[in-house]
Amino acid sequence: MPAPVELNSSKKRKSSKNGAPSSKRRAVAEESADTVTIEKLENQVAESRKYYNNIATLISMLNVDSSAKKPELAVAVSLCRVFSRLIAAGNFVDSSRAAENEKIVVAWLKERALEYQRALMAIMREADIDSQVTALSLAMRMLKARITHIPGAEHNIWTTLFSETFEAIVEARDGQDLRTEFVSKYLKEYEDIRYHFFVQVSEYAETRRSSTTLETLISLLSACGDVPSETHKFETFFVEPAATNKRIHSVNAHKKRAQEAWLAILRNNLSQAQRKSLLRIMVHTIEPWLSRPELLMDFLTDSYNAGGATSLLALSGLFYLIQHKNLDYPQFFAKLYSLLDADLLHSKHRSRFFRLLNTFLSSTHLPAALVASFIKRLSRLALNAPPSAIVVIVPFMYNLFKSHPTCTFMMHREIRDKELAADIEARGMDDIFDMSELDPLHTNAIESSLWEIETLQSHYHPNVAAIARIISEQFTKQSYNLEDFLDHTYQGMLSGELGTGEKPLRKPPVVEYQIPKRIFTDRMLVEDGGVDSGPGSFMRALWDF
Amino acid sequence: MPPSQLKQLKASLKDSGVIAPQQSKKQKRQNAKTGATAQNRNQRNAALQAIRDRFNPFEIKAPSGRAKFEATTRDSGSKPAARARPGVTKSLGEERRRATLLQEMNSRNKVGGLVDRRFGENDPTMTPEERAAERFARESQRKMRKESMFNLEDEEDDFQFTHMGQPLTLEGETLNDDFEAGDLGGEESDEESSRKRKRFVDNDEDMEMEEDMDMDNDFIDHGDGDQPERKKSKAEVMKEVIAKSKFYKHERQQAKEDDEDLRDELDKELPGLFEALQGMKNPGKPEPAQQDLDAMNPERAALLQEPEKNKTEREYDQRLKQLTFDKRSAPTDRTKTEEEKVEEEAARLKKLEHDRVRRMRGEVVTDDEEEESDKDSFMQDDEDEEIDDAEAFGLPSYSYQPRPEMAVEDEDNFVIDDDLVETRSNASLDMDAIDTEEELSEEEEVESENEDELINGMTLPTTTASGAASTAVEVNQTAEGKLAFTYPCPSTHAIFLEIIKDVPTEDVPTVVQRIRALHHPRLQPGNKEKLGKFAEILVEHISYMANESEEPSFAAIESILRHIHSLAKTHPLNVAMSFRARLREITTERPLNLLPGDLAILSGISTIFPTSDHFHSVTTPAHLCMARFLGQCSVNTVSDFVTGAFATGLCLQYQTVAKRYMPEFINFTLNALCNLAPTEPTSKLGFFPSRKSDDSVRLAPSKKVTPRKLHFRDIIASASDSDAQEELKISLVTTFVSLLGAASDLWSEKPAFAEIFTPVREVLQYLRQSFKSKVFAAAREPIQTTLDKIDAHLSSARLARRPLLLHTHKPLAIKSAIPKFEEDFNPDKHYDPDRERAESNRLKKEFKREKKGAMRELRKDASFVAREKLREKKERDAAYEQKYKRLVAEIQSEEGQAANAYERERRARQGKR
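Chains as they are written, first to last, in the UniProt record's numbering: chain A, 1 to 545; chain B, 1 to 913.
Hints may contain errors.
Said to hold, decoys possible - In silico lysine-lysine, DSSO-like type, Cα no more than 27 Å apart, as pairs:
{"id": "1", "chain 1": "A", "residue 1": "Lys402", "chain 2": "B", "residue 2": "Lys815"}
{"id": "2", "chain 1": "B", "residue 1": "Lys869", "chain 2": "B", "residue 2": "Lys90"}
{"id": "3", "chain 1": "B", "residue 1": "Lys810", "chain 2": "B", "residue 2": "Lys61"}
{"id": "4", "chain 1": "B", "residue 1": "Lys684", "chain 2": "A", "residue 2": "Lys335"}
{"id": "5", "chain 1": "A", "residue 1": "Lys402", "chain 2": "B", "residue 2": "Lys684"}
{"id": "6", "chain 1": "A", "residue 1": "Lys335", "chain 2": "A", "residue 2": "Lys325"}
{"id": "7", "chain 1": "B", "residue 1": "Lys703", "chain 2": "B", "residue 2": "Lys659"}
{"id": "8", "chain 1": "B", "residue 1": "Lys256", "chain 2": "B", "residue 2": "Lys311"}
{"id": "9", "chain 1": "A", "residue 1": "Lys503", "chain 2": "B", "residue 2": "Lys869"}
{"id": "10", "chain 1": "B", "residue 1": "Lys684", "chain 2": "A", "residue 2": "Lys276"}
{"id": "11", "chain 1": "B", "residue 1": "Lys810", "chain 2": "A", "residue 2": "Lys418"}
{"id": "12", "chain 1": "B", "residue 1": "Lys684", "chain 2": "A", "residue 2": "Lys348"}
Derived from the structure by calculation, the hints contain no laboratory data.
If we strip away everything but chain A, and leave its shape as in the complex, we get (with noise of 0.2 Å):
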């Protein structure tokens, strides 16, 4: 109850009043007048309503008429304790008992209120961050005054106050402290407040909205926490509900409302970014949330459609739908044998897609044409991939390899064929690989050979080269576990190599034996007769220095 505490303060402000005046106040006298007229104000609201027509007085002190970028925060917090302490005495409800006056009182009473909101919004919109924070506590210590004191108003106030200040909130300028604390304080701490903002942002992402006002609603609501789970009891509620009110203690109406939000999101325009990090977030953050995730049908296939990395993206999220929901996703395969692509290997989506595409292929019922496709567009692309990329690719091959013996006959293809065999020997032979085949059942992979990888085998790192070599060693391991060899990088390769401090090496390394001539310049080219053959012609011939 805010009143006697207010009344209180008040007193001991009084008493200091009348004592006599430190020197401090004296120091700054201008302000302290303000801070006195303030109070004196208050205080007099608070005795009698005669002064009623203060309030008026104190809203018309906030500065926030024409903008609410300087606005008298002692002011507003003074106001907020005016009303606070009229709500709780009951001055806001009109009984159809009481008389006219009384009604016009009332009414009047109302009107200032809003205006207060309003103004409140205004310095949300407009002030600096301290000030926005101020007004943020203010406007819902109003909602939660009127909530709790004035019966009947809660789905009003809900539906008028809360989404004014959730409006507010979202389009505020510079609003990421004000938004932090709006999350820390409300949003994470109580779940009333969490039922509430999902039923905002549903109705305020019904209309198209610009990119940056999306991008605030997509971190507002992926700041919401984890899903409460079935038997969850709600109890940490900001202002204690009506008991008829029984939506707010079930879950299934919280998960409803959340869905129902992202879904709004989800419709709306959103950028190429903005999607993008909707599916990194996807699994974890928003499938949680809906009852019904075969709602998001439309936006992964639509995603996955899209090509490059959105379609690297999208596929976890369909993937849990053809798990989970039954999806049927037709062409699922050829699709995803056509993300292999030039940038795939390149990507730092690269691990990601390597786990799903783990998992898609690990059955071993899947065709081996189909398999030894994959496995050769792959091989294809590692001539062009950083090392990071050969070695996951090479372990993930041994894998289907091990899974799909049949496809082994592109590591060792024996002809038995005289005539074939004579033909080849004579006039060599092409890859009948066709690389620009999209049907992965089509591809003649089958049919190839990997001359990929056993190039590879004299890959200039040695370790890459190691790897690329466990294709033409006997197959006696039962399968590499992938996960260690995902996440390298040349950082790391680097880092691995030299170490991170001067760690002496073990052996002394190897130097070249032979001392060069010549380096850089022609020097004492005439000795040899004019041409130059060393060691390091190469780059003299291309270069001058």
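Chain A is already provided as a structure; the job is to place chain B on it using the hints.
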């Protein structure tokens, strides 16, 4: 089936001789005469008793449970069911207890007692006559034996008590009189007499106590020398022996001392000997103050001399060791002819090349068994824990800790060929001799064979340090007059910069050369470390020089690189660590933005270290650095492409010998060509990832441009006007094209050549097409030649292509799992392979068994004791009862008598009456 009871009984009776065949009368009579019948009867009775016991079914304990068939149990067959005869064992135990426990019980709480140990006393079978006879025999036997020298009995005749070698003659007649003569008044207590007796025994030992024994004096005669012909007493003999041994000991000591003196003398002469051996004078050390040892006790002197002696001994040892390590004089090799020298050199080079090829293949050059074992232990360690699959290939684990030694990386452990490090090769000598001539135009340097060529033989190791310095000065004076002649060896790069502050760049190599000459390792012991440090500074200086100026002097850089190279032969670790530090700096600070200095460092690495090695601690990271740059650098400006062109060129140079494939090279070159082409390609030209520059760097020349050779300064300097810019671009294009041509030559043997170069061909064809315009006429020709070359390679690659045959291994044998078979397996035995466990199990079992047995025995003992006690008590009670009854009876009889008497009396009185 065993025979029937009756038959068994008969058989046993026969066996034990109870039933014997009828004896003749004569025999009977004879037996009766000798009394054998009585004996026989006894024997017979015993045998009969035994047979009775054996055939009494109540005496034998039946086995618990039925006997099992042999097939079902392993117990029945091996041993027949034990015939337990509880009665017998019980009575045996009882008997034993009675003999031991009962005795103890009876003698409990009783002190003292007599033990009769007389022979045959407890033997009831002996008659008193026999006993006496036997005793007598033993007595006389004992007398006959001379058992020990301390046996007093046998020397009965000439034995006498002595004191201090004198026979004791007592004033009294006999010893026995002692007791009677001594008054029992009290001056001689019991104790004293016992002491006295003792005294007789050990008097020749305690001579000092003589004075205390005043009371004994009256027994002892102190007279001396009265009996000259007396036999020597034992004590005297002992004394003599002791004296003799002391004398010998002294003599030995004397001899030893003499020897030592002699040795000392020899030792003193040793330095002179050394001088004679080494032919040079050693300043004689001041002799330590001679101590007056002779005056001292010899032992103490020896003690004092000990450390000194140790010192000399140590010195001697050292000298000895030196001598063993000295080279024996051997006939010198004959001077080799020119042909032989050339041949030898060729063989050496061949071996080096062979080593290099092996390293390239990733084989370990030296046979390091130690490493092998290292590896083994590592593998063993790993077996227990979870193995990271990737780590087995040398990939760092994600935490990026220093990696464990992996199988794959063991390849960097080459032993440096001493030949290369220590001495100078003839080939480089020849080569560098030319160098020297050119640089210094001084002839004598060519002859200085033992010196590193790059120091130009300024130091002559036979002279002293100052001599070397002066030579250096002279030499340098002839070379150029303006430079200082001596420089300190810098310890940091900053100091080095300070040193060469005023030196023109061209002369820096000379300064380096002078520093190296002045700090040649042979001149001072610490110089090797100093030069190592200096080598590191030089590496740092390379990148500094290349970064510092717009147009670095590559002649100077090259010369310094050659200096580093020659230093690297002696200080491979320092140089390698320094290069690695540079690379680390690149990785951490500017992985995607290589500076000219970095490029200089990378090219330096390509000349100093063998880039063809499968694994090399410097070149492998250098490869990675370049690949990372090519794979990820920005491609926005022309100068990016110039740097890239340099790096791609370097990549190819690194791979000239090993011909390893670099995906990044192809990606970068193709991307660069696509970006530089006058028009953007409409379709994808291959499966390389395309990167587009933000600002267009496309060729858009207004007039005819001709490609030129790229210059290193193009990396830094931006072209001034658009014409120069275009010229640079077109020369970049031609450079890239020729790089691709070179790459196609390099990788023409690769099995996937067609896959790699088909996109290249497409790009080049596209380029040729877009270069149709007149202005590119000059660039068209190199593109065409490269295209032709690639086409040729492609067709030959097609011809050479065969299906892969990677798995021609012998099939692996299935791992055998034959169980270990134990011949004549015995289920009772424990076949525990763990010996300790088996042993402890055995002990446990034994302990348990013993414990059980002991407990049972104790229990039986207790019951026996209880029984005995009860018996005693009963006896006591019975005796009491008897006594009581007797007394009662006595009283009753007395009473009866009295009654009778009374009766008689009464009757008598009545009768009287």
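To see whether the hints hold, each was checked on the structure:
1. Lys402/A - Lys815/B: It holds: about 19 Å lies between the C-alpha atoms, which stays within 27 Å.
2. Lys869/B - Lys90/B: At roughly 19 Å apart (the allowed maximum being 27 Å), Lys90/B and Lys869/B satisfy the hint.
3. Lys810/B - Lys61/B: violated (70 Å)
4. Lys684/B - Lys335/A: holds (19 Å)
5. Lys402/A - Lys684/B: violated (34 Å)
6. Lys335/A - Lys325/A: Within the cut-off at roughly 20 Å; holds.
7. Lys703/B - Lys659/B: violated (40 Å)
8. Lys256/B - Lys311/B: The given pair, whose Cα atoms are some 20 Å apart, holds under the 27 Å limit.
9. Lys503/A - Lys869/B: Roughly 88 Å between the alpha carbons, so the hint for Lys503/A and Lys869/B is violated.
10. Lys684/B - Lys276/A: holds (25 Å)
11. Lys810/B - Lys418/A: holds (24 Å)
12. Lys684/B - Lys348/A: With Cα atoms ~21 Å apart, Lys684/B and Lys348/A stay inside 27 Å; holds.
Violated hints, in rising order: 3, 5, 7 and 9; the structure is consistent with all others.
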